[in-house]
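Take a look at the letters that make up each chain.
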Amino acid sequence: MNARTFQFIPGNNPSMLQSSQLLGADAIIIDLEDSVSIDEKDSARKLVQKHVEELKNKQCMVGVRINPTDSKFWEDDLAITNKLNLDFILVPKASVDSLKQIKTKINKDVDIIVLIESANSLLDIKNILAFDQQIKAALFGAEDYAADMNIVRTSKGNEIEWARNYFVINCVAQNKLAIDTPFTDSDDFEGLRNDTLYVKSIGFKSRSCVNPRHIDTIHEVLNPTLEEYKEAKEIVELNEQFKKEGKGVFSYKGKMVDLPIVKRCLAIIDICETRGLY
Amino acid sequence: MTVTAGTLESNDCLVTIKKASEYKLNLKSIVIKQYGKHIEQLVANWAKNNNLVAEITIDDKGALDKTIIARLETAKQRMETK
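Chains as they are written, first to last, in the working numbering: chain S, 11 to 288; chain D, 2 to 83.
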């Protein structure tokens, strides 16, 4: 799974569903949970079904956040989503127990993204990610995590620093995409840029958003630079040459290059070329 | 018995279905001139295909066909579970 941005779309909002493919996000998460009131779950389900069924020429990945397994809605949600051509299902309040239930009802061909949004789920993230191969990514839900911890969220994010680091380290260790929490101040673009630069520096490659105006800024920050792309290509070419000579390690601009570095360069090239960045 | 589904938000429609002895459509739409006939046909076909004899009222704020159908189907389901 490879996407820089995951944009949340309220599932009971026809206007947003219609325009969702044009927002520029790499993926959209159509929401049946928090943005849909209890009385309108049936309505949202039907609306999402009709809109996704008629989706042609998808411009981005499309997934649905279902309701949690401690609600009475999740099975009806899956009954609908299993019939749709979706790229992923986002499972809220993910735990090993909830995933056991989900696995009994979910389509085997769809990817699962787990939403880590409590102290318990964060501490058990290793087991959650390892639970099943269908799990391809994890999304850190900082707002619900902060509520669980009874702490105040700030734009600086000091209160979630440890949690973010622990989250992304576990994702990387199990080769799952780590998706950071949305930046909730709609108009603070400098704050968004700085916050995204920070999460990039600790290993995140992806971020969720609730405000489509944030997508471009997130992409600008998370995209490899032209210099990084050029350097990656040079390293990969050199690697091919040295491989023919039987060398697995070589020096590039005074630094040692071995297989992990080459893999990182290949990922950079893939991101740049599949997105047509340069 | 009367059930509703949908909203009056932009690109949505508010659908009301009331049990009746014959089919009737009350349509109000912000695009009635351009799409009135089309919506009337869409709803009539849907009602026929679903064997629904009822009085249907739609207050449309520019909903696409798939949105209108989704709201109709939700209203019908709500009627069946009431």
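By construction, these hints were calculated from the structure, which means they are not laboratory data.
There could be a bad hint or two in this list.
Claimed, not checked - Take a look, some chain S residues computed to stay more than 12 Å from chain D by CB distance: (1) Ser25; (2) Val182; (3) Phe199.
Unchecked claim - A partial selection of chain S residues facing chain D, derived with a Cβ cut-off under 10 Å: (4) Asn22; (5) Asn23; (6) Met26; (7) Leu27; (8) Ser29; (9) Gln31; (10) Glu50; (11) Leu57; (12) Val58; (13) Lys60; (14) Lys103; (15) Asp107; (16) Gln111; (17) Asn137; (18) Glu283.
Unchecked claim - Computed list of lysine to any residue pairs in SDA-like fashion (alpha-carbon distance at most 20 Å, straight line): (19) Lys67/D / Leu96/S; (20) Lys67/D / Ser25/S; (21) Lys215/S / Gly167/S; (22) Lys68/S / Leu9/D; (23) Lys51/S / Thr5/D; (24) Lys118/S / Arg163/S; (25) Lys186/S / Ser25/S; (26) Lys66/S / Lys67/D; (27) Lys51/S / Leu9/D; (28) Lys67/D / Lys186/S; (29) Lys67/D / Ile90/S; (30) Lys67/D / Ala183/S; (31) Lys62/D / Ser29/S.
The structure displayed is predicted, hence computed values, not measured ones.
Backbone N, C-alpha and C define an ideal beta-carbon position, used for all residues, glycine too.
Hint check:
1. Ser25: 4 Å, violated
2. Val182: 40 Å, holds
3. Phe199: 26 Å, holds
4. Asn22: 8 Å, holds
5. Asn23: 7 Å, holds
6. Met26: 9 Å, holds
7. Leu27: Holds, because the Cβ-Cβ distance from leucine 27/S to chain D comes to roughly 8 Å (cut-off 10 Å).
8. Ser29: With a minimum Cβ separation of about 9 Å from chain D (threshold 10 Å), the hint on serine 29/S holds.
9. Gln31: This hint is violated: glutamine 31/S lies away from chain D, its Cβ roughly 13 Å from the closest one there, beyond 10 Å.
10. Glu50: For glutamate 50/S, the interface hint holds, since the closest Cβ of chain D sits about 9 Å away, which is under 10 Å.
11. Leu57: 4 Å, holds
12. Val58: 8 Å, holds
13. Lys60: At about 4 Å, which falls below the 10 Å cut-off, the nearest Cβ of chain D leaves the hint on lysine 60/S intact, so it holds.
14. Lys103: 26 Å, violated
15. Asp107: Since the shortest Cβ distance to chain D is 30 Å, the answer is violated.
16. Gln111: It is violated, given that the least Cβ distance between glutamine 111/S and chain D is near 24 Å, above 10 Å.
17. Asn137: Check failed: Cβ of asparagine 137/S comes no nearer than 39 Å to chain D, outside 10 Å.
18. Glu283: Cβ of glutamate 283/S sits 35 Å from chain D, so the hint is violated.
19. Lys67/D / Leu96/S: Holds, at roughly 18 Å.
20. Lys67/D / Ser25/S: Holds: lysine 67/D and serine 25/S sit about 12 Å apart, inside 20 Å.
21. Lys215/S / Gly167/S: Holds: lysine 215/S and glycine 167/S sit about 18 Å apart, inside 20 Å.
22. Lys68/S / Leu9/D: 28 Å, violated
23. Lys51/S / Thr5/D: Given pair lysine 51/S, threonine 5/D holds - Cα atoms ~14 Å apart, limit 20 Å.
24. Lys118/S / Arg163/S: 37 Å, violated
25. Lys186/S / Ser25/S: Measuring from Cα to Cα gives roughly 32 Å; hence the hint is violated.
26. Lys66/S / Lys67/D: 14 Å, holds
27. Lys51/S / Leu9/D: 17 Å, holds
28. Lys67/D / Lys186/S: 36 Å, violated
29. Lys67/D / Ile90/S: Holds. Lysine 67/D to isoleucine 90/S sits at ~16 Å (cutoff 20 Å).
30. Lys67/D / Ala183/S: 43 Å, violated
31. Lys62/D / Ser29/S: 16 Å, holds
In the structure shown, a violation is registered for the earlier hints numbered 1, 9, 14, 15, 16, 17, 18, 22, 24, 25, 28 and 30, in ascending order.
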